[in-house]
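Participant: Whole structure, please, built from the sequences with the hints as guidance.
Read off the chains here:
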Amino acid sequence: LGRQKFVVLLLGAIALASSFWFLLDIVGAVAHRSPVLRVAEFEDRFVDFPKPEPHMVYGYVSDNAPNDPRSLWEYHLTQYVLAPAIIKDSANEPLVVVNYHTKGLDLRMLRNNHLDPFHDFGNGVALCRRSQR
Amino acid sequence: MTLLCLAAIWLAGFGLVRWLFPRPRGWSLHNIWLFSLAVGTGAGVASCVYFLALLLAGPSVAILAPALVVVVAIALGLGFLTKRTGTQLDWAASPPVPRYLRILFLAAAALALVMFLSAVLYNSHGEEGAWSIWNLRARFLVRAGTFWRLAFSSDLNWSRLDYPLLLPSLVALCWKLSREESTAAPVAIAFLYGIGTLGVLISTLAALRGKTMAMVAGMLLLGTASFVALTAALYGDVPLSFYILSAIALLCLQDRHPEDLRFSALAGLMAGFAAWTRNEGLVFAIALLLARTFALFLVRQRLAIVPQFLRLLAGMAAPLAVLITFKLRVAPPSEYLSVPRAVILKNLTDVGRWITMIQGLMLVLLNFGRFLIPIVLLLGLYLYLLRSRPSENVASSESVSYRAALTTAWIALPVTLVVQMVLDVLYEPNLALEIGTSGERSLIQLWPAALLAFFLASRPLQLVAPEQDRKSKPAGKSTRPKSAKSRHSVAETH
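Same order as they appear, the protein sequences are chains A and B. Using the numbering used here, read the first sequence as starting at 416 and increasing by one per residue. Using the numbering used here, read the second sequence as starting at 10 and increasing by one per residue.
Treat the hints with care, since some could be wrong.
To be verified - Below, simulated EDC-like cross-link-like pairs (lysine to aspartate or glutamate); rule was C-alpha separation at most 20 Å, straight line:
(1) B:Lys336 <-> B:Asp164
(2) A:Lys503 <-> B:Glu137
(3) B:Lys355 <-> B:Glu437
(4) A:Lys503 <-> B:Glu189
(5) A:Lys466 <-> B:Glu189
(6) A:Lys503 <-> B:Glu344
(7) A:Lys466 <-> B:Glu437
I should point out that these hints are in silico values taken from the structure, not numbers from a laboratory.
Facilitator: Listed below in structure tokens is the structure:
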């Protein structure tokens, strides 16, 4: 009887302590907000973007470094936000969504990608045209 | 409106399982079991109806809403108007549950609830695997209207386009009928699957091994932080774990009630819905069929092989037909097919990849569930401390009636895991990363069913002294079969 009580109490104590530890992790994540945007915050940046229609295809350019893990995450998130339009990770489309993290559009990045500004929605989101030059 | 829609889906599931296993209304273990099974049954049926309606008639609400109403009405009519009587589940006789175990269970439940709510309030869209696969697909199904097949455009091939549609269909159905894309739909679905998994585990163990063991198993599941975290992450792993657990649980009940083959039919349906949830579910469904046949052969129940196999197949038929339709008519070919044979052969013969896999799996096992002490060690200690002495060889006699189901579980669950691991070794370009990100999720899919099999195979728990037991509980209340009761009474006297 004693052994059985001991093992059940041990299982319960470890389960509760582990859950509590994990809960502290969540509270820590909430308290010390990481610099990476959450999905809802990222989505809010697109609030002024025209409602995407099916069969629309946009290119996508970002000022994130290519090896930055946030780069792919934000590209996928842009697709999630703008569905049912298709977002291609390329500047070779007539219209290109630019996702930037600076105060203003980086004109050098646009030049390098042969893009002309079309509409800057603020919040780090802009729509650009493929340059005709 | 989202919650109303989900309530209707749950009721449809309840009607269907109640039709199979009728029982007078009111508070009973049987009805808890039915309500738990109803979560996955209703969700599976509703998602199949949505997908077929979309495929055959397009995305119009004018067709979807009546189709769902008809399904709910038929299911409820079947469930509540049936005059049949059938097998009923009752609490297995066991010593009373000690107060400290109730407190531990309630504390684990409260912590799990707080964890779930904190996680979904912090990020209601779930983790990347949820929004970039399931909810992205649901958004396409709802937003693209008649162009819903754009959800499977080759430009989205990073989004696992060949994954089945149970979850996206369910979320899209709720969004479509409620006319709002609220994150409440995927969050509520995840919560229901989590609660349903707990309910199936507890109610099945309570019927087979008594309340004490059911509460210990439930406490462990609730205390598995990864399980709660993955539920809140809105991944497909917890819904899949629900179906895997339900299929195994129903086969355990089939062993207890060999004359009632409806258990096998419903187990087949659950395995079919597992295949409709994730590709790994298809591996499980096939493994289950083969393992069950082998297990019945092994325990010398050869006469039961054909009837049970046919019922399992019959149960699986409808979801598998929907899955095959999806794979043939909608989904692009699996990404595995695009990997050149030379690469597969190179990966197969690369010993380093196999070592990486085994090392990764060991690490995942040791850290599994985010327990502060590895759970494999804790469960090993549990078995050691509860081992039978020669004079009290209860476990072996107790588990005899479930040998077929336990053999099925101990074959089907590892086979499902091993097949996933082998596919990763053969096809995944970055194997270490894959194990790191999805190794634990693969184990979580099997964890509730493994817990059921573990506690069913282990020795009965005796947490209250027999004298106290006799004083506090008059005997002879249960309506279980006599033979089973006598077996438990053997356990209680030790």
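Participant: Hint numbers the structure violates, sorted upward?
Facilitator: 4, 7
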